[in-house]
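Novice: Residues per chain, in single letters:
There are 2 protein chains.
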Amino acid sequence: MTKLKNDTLIRALLRQPTEYTPVWLMRQAGRYLQEYNQTRSRAGSFLGLCKNPGYATEVTLQPLARFPLDAAILFSDILTIPDAMGLGLYFAEGEGPKFERPLREEWAIRDLAVANPGDELRYVLDAVSEIRRALAGSVPLIGFAGSPYTLACYMVEGGASDDFRTIKTMLYARPDLLHRILDINAQSVTLYLNAQIEAGAQAVMIFDTWGGNLSHAAYHEFSLAYLQRIIAGLKREHDGVRIPSIVFTKGCGNWLEDIAAIGCDAVGLDWSVDIAQARARIGDRVALQGNLDPAVLFATEEVIQSETEKVLASYGKGSGHVFNLGHGISQFTPPEAVKILVDCVHESSTRYHGDNVKHRAN
Amino acid sequence: MTKLKNDTLIRALLRQPTEYTPVWLMRQAGRYLQEYNQTRSRAGSFLGLCKNPGYATEVTLQPLARFPLDAAILFSDILTIPDAMGLGLYFAEGEGPKFERPLREEWAIRDLAVANPGDELRYVLDAVSEIRRALAGSVPLIGFAGSPYTLACYMVEGGASDDFRTIKTMLYARPDLLHRILDINAQSVTLYLNAQIEAGAQAVMIFDTWGGNLSHAAYHEFSLAYLQRIIAGLKREHDGVRIPSIVFTKGCGNWLEDIAAIGCDAVGLDWSVDIAQARARIGDRVALQGNLDPAVLFATEEVIQSETEKVLASYGKGSGHVFNLGHGISQFTPPEAVKILVDCVHESSTRYHGDNVKHRAN
Chain A
1 MTKLKNDTLI RALLRQPTEY TPVWLMRQAG RYLQEYNQTR SRAGSFLGLC KNPGYATEVT
61 LQPLARFPLD AAILFSDILT IPDAMGLGLY FAEGEGPKFE RPLREEWAIR DLAVANPGDE
121 LRYVLDAVSE IRRALAGSVP LIGFAGSPYT LACYMVEGGA SDDFRTIKTM LYARPDLLHR
181 ILDINAQSVT LYLNAQIEAG AQAVMIFDTW GGNLSHAAYH EFSLAYLQRI IAGLKREHDG
241 VRIPSIVFTK GCGNWLEDIA AIGCDAVGLD WSVDIAQARA RIGDRVALQG NLDPAVLFAT
301 EEVIQSETEK VLASYGKGSG HVFNLGHGIS QFTPPEAVKI LVDCVHESST RYHGDNVKHR
361 AN
Chain B
1 MTKLKNDTLI RALLRQPTEY TPVWLMRQAG RYLQEYNQTR SRAGSFLGLC KNPGYATEVT
61 LQPLARFPLD AAILFSDILT IPDAMGLGLY FAEGEGPKFE RPLREEWAIR DLAVANPGDE
121 LRYVLDAVSE IRRALAGSVP LIGFAGSPYT LACYMVEGGA SDDFRTIKTM LYARPDLLHR
181 ILDINAQSVT LYLNAQIEAG AQAVMIFDTW GGNLSHAAYH EFSLAYLQRI IAGLKREHDG
241 VRIPSIVFTK GCGNWLEDIA AIGCDAVGLD WSVDIAQARA RIGDRVALQG NLDPAVLFAT
301 EEVIQSETEK VLASYGKGSG HVFNLGHGIS QFTPPEAVKI LVDCVHESST RYHGDNVKHR
361 AN
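Protein chains in written order, with the working numbering: chain A, 1 to 362; chain B, 1 to 362.
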């Protein structure tokens, strides 16, 4: 494999010295880019994009052609795993993801089997390989998966939900059934992320979008325990190179110490967390990724710059920070705002790095 | 005014000794009760219920006829204030609240005027008086209002929102306009709650449903600062009796210390917070209200009881806890589940109170 020309992201995730703070954006390849919408039209649908490695490669690279981002992230969807399990993923226009066969009956849960990434998810691994070739070592490629609990939310509810009533009823009334689903999901995610690593992913991220809707006790039992199992099962190295892992729970503020203790290299922060406080709490154990409010990108150039600088200053000096938004970029974001953000991170962050800055021991 | 026969709630909110832990539920008068739905049919609509003191009194009392709750809460809506400001509140079937005239233009924001509770909101004060007469001193009546920021979310977005894009764009691009709205809202809420107190409300609660969607810095500047102003402007006593105040921000976990410092008597907790940790952090300054996951009420009797007991045990011995859900009760809740919950709180909590328990100094 080619040596990375820009490995700033990897070093920051491992809390090694860097010259500046690396930046990438959750959902950086997406609907706010007109070239994305054009490719999607050609592909016919969102799933058509995901399932065709050529299209997935094309849209993965689009934001990198526009902005000097420090990482690419595989273009895919967290729901590829339950789709591979046979639940029948589809996207109803304007309604978000849905499953033809939501997982609610005891017999169906007993029948649920671990997804084999080399088989039903081959198209994702092919996309990873093709993106790696296309990147030619310019920046690292991040692979990803949804957390077992977040996947289960969609699988049991059959789509997005306001109140998660069906899965929470299962959680409280039949925890054995939910644990069965989570066990299968955790095994599937572990195999899937390891297959992405073998195909070329140079860092991996787990998105726990809905874990923050659980009670304190339920989060630990039904989400974090499975995240920990996945992290324990991940390849730490591939081809002699360390593969850092990032865990992101939206609404993580209550549980930072617990998330930092599961063995991941970095913790993703949503925008409600003060990153200085997060660093004081867990910055000696993990790198931190985040956490600008995506809505800042609707403001003026001056405001985007000042809010970006506030996040950088809040984290402060030394390595261990990967700049990102606190959640996915909005489809309504003007692309020029992203350019302002990325340039500002690169230019303003140098003062927090380099020879004049005493690095923390790693 | 009649002396309260059951003042357990008031004492708990003031962290004075009680014999058991008092309990009431957010949205305890509502669609999960068939008698509520019958009254609503007669009233013709949700707003018809709110605006008619007779109907409002009837539905406020309905849950108390079924369950031995320790408080009544005024049946109303947080959006009565912007409706009184002339924004034109209406409820589209199955879509939640909407405004005919969302507040987006600079001229409209400049023209926005403080709502006069004695005038456009007279129907709410009449309901408070009528409910107090009907309660005849059995349990206290809680008055309430929405937080300035939460009201502004609906006023600017024109209804509920997934991403709060419009108000957040205003927050970052034109903070002066949002501060103008929040200032008017804070003045209105202060007058409104004081008018409710004069009409007979014996405790007041402010619902900050959407504050948790702000960044750490923005929460302090655009929500908490205005909550603090309201608390400072509230009548602390009426007719020689203390009127406790409760502040509830959904997603409050990151900011407990800051909320506890604004001068309120109690902090409402959503279910993601561990109440033992919350007590360790702020329990020496304020009472805590909460925080069972409302989804527990979909489970079996045994699970409802064990989850209820976990919350009681987590808070532990001594006064200062008001049992509640971590958010409003779901319309799909079986009423029998509420009976199980309320009975369990009353029976199980006595072990944490009484002569054998050393009370904290208040």
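Hints in this document: simulated from the structure, not taken from any laboratory.
Just to be clear, a hint being listed does not mean it is correct.
A pair counts as met if it fits within one copy or between any two copies, since identical chains are not told apart.
[What the hints assert, rightly or not] With a straight-line cut-off of 35 angstroms between C-alpha atoms, the simulated DSBU-like cross-links for lysine-lysine are:
id, residue 1, residue 2
1, Lys235, Lys250
2, Lys317, Lys98
3, Lys5, Lys310
4, Lys250, Lys310
Novice: It remains to establish, for every hint, whether it holds in the given structure.
Specialist: Evaluation of the provided hints:
Taking the closest pair of Cα atoms, Lys235 and Lys250 come within 35 angstroms of each other only inside a single copy of the chain (25 angstroms); across copies the shortest separation is 38 angstroms, beyond that limit. Taking the shortest alpha-carbon separations for Lys317 and Lys98, neither the intra-copy value of 44 angstroms nor the inter-copy value of 46 angstroms comes in at or below 35 angstroms. For the homomeric pair Lys5 and Lys310, the shortest alpha-carbon distance inside one copy (29 angstroms) is at most 35 angstroms, but the shortest distance between copies (54 angstroms) is not. For a Cα distance limit of 35 angstroms, the shortest separation of Lys250 from Lys310 qualifies both inside one copy, at 21 angstroms, and across copies, at 25 angstroms.
Hint 2 from the earlier list is the only one contradicted by this structure; the remaining hints agree with it.
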